[in-house]
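Visitor: Chain residues, written in single-letter form:
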Amino acid sequence: MPEQTKPILSVKNMSVQFPSLSGVVSAVRNLSFEVGREKVGIIGESGSGKSTTGRAIMRLQPATARVVADEMRFEDVDLLTASEAEMRAIRGSRISMILQDPKYSLNPVMTVGEQIAETVILHERLGRKAARERTLAMLERVNIRDPQRVFNLYPHEVSGGMGQRIMISMMLISSPSLIIADEPTSALDVTVRQQVLSILDDLISERNIGLIFISHDLNLVKSFCDRVIIMYAGRIVETIDASKLDQATHPYTRGLLEALPSLDHPRDRLEVLKRQASWAEA
Amino acid sequence: MSISQTSAIAPGRAKAALGALRKVAASFAVILTTLLGLLVITFVVGRMVPADPVIAVIGDQADHETYERVYKEMGLDQPLYVQFATYLGNVAHLDFGQSHVTKNAVSSDLARVFPATLELATLATLIGAGFGIPLGIISAVRKGTWVDHLARIVGLLGHSTPIFWLGTIVILVFYAKFGLIPGSGRLDVYNEGLVDGPTHSILVDAVLAGEWEVFGDALLHVAAPALILGYAAMAYLSRMSRSFMLEQLRQEYVLTAKAKGLGQRAIVWRHAFRNIRVQLLTIVALAYCGLLDGTVLIETVFAWPGLGQYLTSALFFADMNAVLGSVLLIGIISIAINLLSDLTYRFLDPRTR
Ligand SMILES: Nc1ncnc2c1ncn2[C@@H]1O[C@H](COP(=O)(O)OP(=O)(O)O)[C@@H](O)[C@H]1O
Ligand SMILES: [Mg+2]
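From first to last, the protein sequence lines stand for chains A and X.
In this text, residue positions in the first sequence follow the UniProt record's numbering: the first is 1, and each later residue adds one.
In this text, residue positions in the second sequence follow the UniProt record's numbering: the first is 1, and each later residue adds one.
Honestly, the hints are just simulated from the structure, not real lab data.
We put the CB at the ideal spot given by N, CA and C, even for glycine.
It is possible that part of the hints are untrue.
Lysine to any residue pairs mimicking SDA-like chemistry, simulated, CA-CA at most 20 Å apart [to be verified]:
{"id": "1", "chain 1": "A", "residue 1": "K103", "chain 2": "X", "residue 2": "K143"}
{"id": "2", "chain 1": "X", "residue 1": "K15", "chain 2": "A", "residue 2": "S20"}
{"id": "3", "chain 1": "X", "residue 1": "K143", "chain 2": "A", "residue 2": "S20"}
Distance windows between CB atoms, simulated [said to hold, decoys possible]:
{"id": "4", "chain 1": "A", "residue 1": "S22", "chain 2": "X", "residue 2": "A17", "range": "33 to 39 Å"}
{"id": "5", "chain 1": "X", "residue 1": "F347", "chain 2": "A", "residue 2": "S159", "range": "24 to 30 Å"}
{"id": "6", "chain 1": "A", "residue 1": "S22", "chain 2": "X", "residue 2": "T168", "range": "58 to 64 Å"}
{"id": "7", "chain 1": "A", "residue 1": "A137", "chain 2": "X", "residue 2": "R270", "range": "48 to 54 Å"}
Next up, chain A with everything else stripped away, as it sits in the complex:
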């Protein structure tokens, strides 16, 4: 197996269930996939289980959720049997997560610098001063020109684009080998989306990181990722190279593609997405 695709994460038959008053809800069912040092997109409509999948990998599912799997392996770690302390040591240092909206995902009463520095203080036992230096360097790395000033800002004082670059700094500062980005650009203005993506892209290829990129934007995933996992109702319906998406055969994937507006082939009407119960059972 080439280095590029040698898996850092391998998941076999993972299911996530939420008990509820009206019975058990299966948010994710028998999911199997691998992630190497590559960019893997997970795409699917809202409620298809994308976020649940990302969180279950880091064991960050809600306390009520039940996760079962035949295998969940990250590098040399068995995620199924790792202790809580081992999981804490992994989170933020070896697997990180970037959330959707910096408006909510940053602590409103802590300066952004303090929040970034916290990661290296925690995982690398750095002193305040060294952590500050590292933070400033990291802020510079995500193209923030005036790190000294930005360090002392509070989240409500920064724009969405800058907020997401701060989130990226916080989650990449300890050099993880896997990043789960859960709709990292969905809350951003279209104008800064590309900027944030290219910063993320640079860092990922520079450091040879594996990325799970969760999105509901097929166009974005098509251009940004190497491979795409298409989810429907908690299951994987198809996994396909991003470059071969146009040749996808599964009717759900075809439906997604045909529902996309395109400048090259203008259409009077966009297709309505077709759904079939059998896809969820396959």
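With chain A's structure known, arrange chain X with the ligands on it following the hints.
Guide: Frame of chain A; chain X with the ligands shown alone:
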């Protein structure tokens, strides 16, 4: 880019500073209005109560001329607005008139009884906050476990047990039956008058004077009423802290903190707790104000010579100057506490600066 960033934020900062200034000005305006309203109420009530203030002074045996003379002396023949202005002037000089019961100036009576209440209420607030807030937070963090259930039962009991009843039971059991606590007052007789001033809180004064025996005695006296009041405050504060903390733990930034690898302690105390400081401050201030004017019952049960008892007997004897002076004092203290908590929260929450 750095230029565009700076210029994008600098006007925002200036605007924010202006906004903060406006907010402070607004809260001062609210306070002044509240204070004025309070003064109008005490003034009007003082003029409207059926108890004739002149008769209260001279007694109902005095003759008509004396009545007329005192009536004029008290300025009651002047138009109302003049009387109100005089009243404001007097209040500004801390002159609330004379108590017809104690024959002292109300202000010197208040200076004597208020520290006793302040001492009791402060201690009770410290007990309530010191136990209630951690209890509420722990029960939020351990939601649904036996710790949570126990904490909620303790809280509910504290909330639904009448203070008067609890106080009576404590007196009956710990004083009358076992003789473990002194039953009344602030000190035993032989310790009285040993420390005097500067704060009129016996606990503080005894420490300042190095009178440890007096301190111990005062502590023993204040323990039961302070614990009972503190328990009631704790019930309220723990319930509120629990719901504040639960709300925070649902926030997205908590997920971020977990994804960073932080442990529960750091998440709760470093991240979430900082976000509820303002709310906690507000409810502690509320509880404190509530205790300051809510000590009436407990002061009666434990014969605590504080403002509550003073006010009760003043009401009983229609001692209007004493009543209004007490009410005014309680009002002003409440306003001051609110102002203080308002100013502090601007300091604690960067978004309000
Ligand atoms: N805390 C929860 N309790 C109960 N059900 C949940 C919870 N979180 C998610 N679910 C369910 O799991 C399914 C997948 O949700 P999610 O992973 O958030 O989807 P996506 O990220 O693809 O939009 C949804 O049907 C949702 O109802
Ligand atoms: Mg989602």
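Visitor: Against the structure, test the hints numbered earlier, and report the numbers of the ones violated in rising order.
Guide: 1, 2, 4, 6, 7
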